[in-house]
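A.B. asks: Got chain D; can you put chain H on it based on the hints?
One line per chain: the protein sequences are D and H, in this order.
FYI, the working numbering numbers position 164 of the first sequence as 164, with every residue one higher than the one before it.
FYI, the working numbering numbers position 209 of the second sequence as 209, with every residue one higher than the one before it.
Since the hints were made in silico from the structure, they are not lab data.
Small disclaimer: the values here were computed from a predicted structure and weren't measured.
Among the hints, a few may not be true.
Pair by pair, the computed Cβ-Cβ distance ranges are [to be verified]: (1) Thr-10/D <-> Leu-227/H: 39 to 47 Å; (2) Gly-139/D <-> Leu-6/H: 45 to 53 Å; (3) Leu-6/H <-> Ala-256/D: 41 to 49 Å; (4) His-164/D <-> Pro-47/H: 40 to 48 Å; (5) Asp-132/H <-> Ala-256/D: 52 to 60 Å.
Even for Gly, the Cβ is constructed at its ideal location relative to N, Cα and C.
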Amino acid sequence: MASNVYTNLTPAANLDKKTLNKMVWRSLNLQGSFNYERMQANGWLYGILPGLLAIHGEGSEDLKTSMAHNLEFFNTHPFLVTFVMGIVLSLEQQKADVGTIRAVRVAAMGPLGGIGDAIFWFTLVPIAAGIGSNMAIDGSIAGPIVFLALFNIVQFAVRFFLMHWSYNLGTKAIELLTANAKEFTRAASLLGVFVVGALTSNYGGTALSADLTLENGTTIQSILDGVLPKMIPLALTLGLYFLMKTKGWTPVKCIAALLVLGLVGAFFGIF
Amino acid sequence: MDFSILQIVLVFLWVFIIGIDQFDLLESLYQPIVSGAVIGAILGDLPTGLVVGGTYQLMTIGNMPVGGAQPPNAVIGGVMAVVFAIGSDMEIDAAMGLAVPFAVVGQYMVTLLFTAMSPMMSVADKMAEKGDHKGIVRLNYLAMGILGLAFATVCTLGLIGGKAMGEGLQAAFDAVPWLMTGLSAAGGMMRFVGFATLLRIMLSNDHWGIYFAGFTMATIIGYIPALSGSALVLIAFVGIALALSDFQTGVAIKNVTANGNGGDDDGI
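For reference, chain D alone in the conformation it holds in the complex:
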């Protein structure tokens, strides 16, 4: 059973610039092992490993504890992830309570998704690709080069800046918060639970097939929406929660059950 408190509570030395920069480079592969269950979790852990190794030390119990909780569900905007990295590493370095680190991680990852989409997909790519494409269509090799240069200069500036900025910010903020550590942990978990509730609705796209209708053409899904919108994502999340908690279901068993549910449901035209 993973413990909730690190055994070595002496704060580790500050991470040097080299380690922070190494993690910026690793942050490029955040989505390397992306999957539907935990999304970027394994890529996230892969990214911060250099820092965790420097903080907790090879082979230590604390490294195992830290790796285990950093492998929980994670999803944020790939270009802004270094912001979460910096702040989580500052907490790891101070040997904050695992519950606190988890809560801060969950609370930080959610909102960045919307901000990143607005900056990158709605603004930077349309501008850079728009300029580049018109040059390319006119037959100029400068088109793809201009696009790559514009996009990557912004991308790397953002990645490096956020990592160093948020790490320093986190290191400073913690000194203020240690005086009220217990209250802070409680408040941060509250925010984390609030975000998970929001994600249940926001990321929960599961709906019944539009072909499932009553005789008068009303879809079953619209009837469900009339009772409670996003009812299926909520019911599934709570159902899995209780199966894990009371029946001791493992994540793998839950995934297998959902796979069967999805395939059987699709076979009978429910999804």
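C.D. replies: Below, chain H alone, put in the same frame as chain D:
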């Protein structure tokens, strides 16, 4: 269309890289504007590559991978459009049309891989328990390699087999329509396992109301299309307000208790 062995190998290598790049690396090499030019150069017709790549790019600008949704796969689509435009000497529109089945197959492969990687997370859990950090790194690179290999294989088959290959592959998937629908549906539900795991760890009994409050907030904002981009930011504002208030109250109570008889300088 006849291509030399060298050309086929180079296309295979390039697609291997951009198959990974669509989610990792620079996340920009895969864009049709870049990829079209590279494929054009490999196949000996850079100008056509530039024009097709640029045209395909303009078409995909409205089709970004926003919020985790899978748009038609621009990686394979862009590559195959250039291959057909050069190899079969076609009009750009016709080439892009023939590339569509490949783009659909690309999308299916992404769904398959993201599903297959879900149970792998329990392997990762065991590595974490043992502190096997090298295993985590290997797993990340392994998944990237599989994705690149799958994309490179499909594009190479298309390069050799032509348009019949794309139609054949898509037909094979479409023969069992419930399979891909079912996998997508199951894939869409698997994130709830991740949420349930987080809840199991984070949720103390007095936070149940907060969970439903977050759900409600997101559902209401979700029904307002204009807020689709800023939804999670707005939700975070409300969540931070709740957390801040809880923190301040908690600190105030602690100070009052510490003062013994409920000091008079620090009331709530």
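A.B. asks: Now tell me, hint by hint, if it's right for this structure.
C.D. replies: Hints versus structure:
1. Thr-10/D <-> Leu-227/H: 39 to 47 Å: At 46 Å between Cβs, range holds.
2. Gly-139/D <-> Leu-6/H: 45 to 53 Å: violated (25 Å)
3. Leu-6/H <-> Ala-256/D: 41 to 49 Å: Check passed, 45 Å falls within 41 to 49 Å.
4. His-164/D <-> Pro-47/H: 40 to 48 Å: holds (43 Å)
5. Asp-132/H <-> Ala-256/D: 52 to 60 Å: violated (24 Å)
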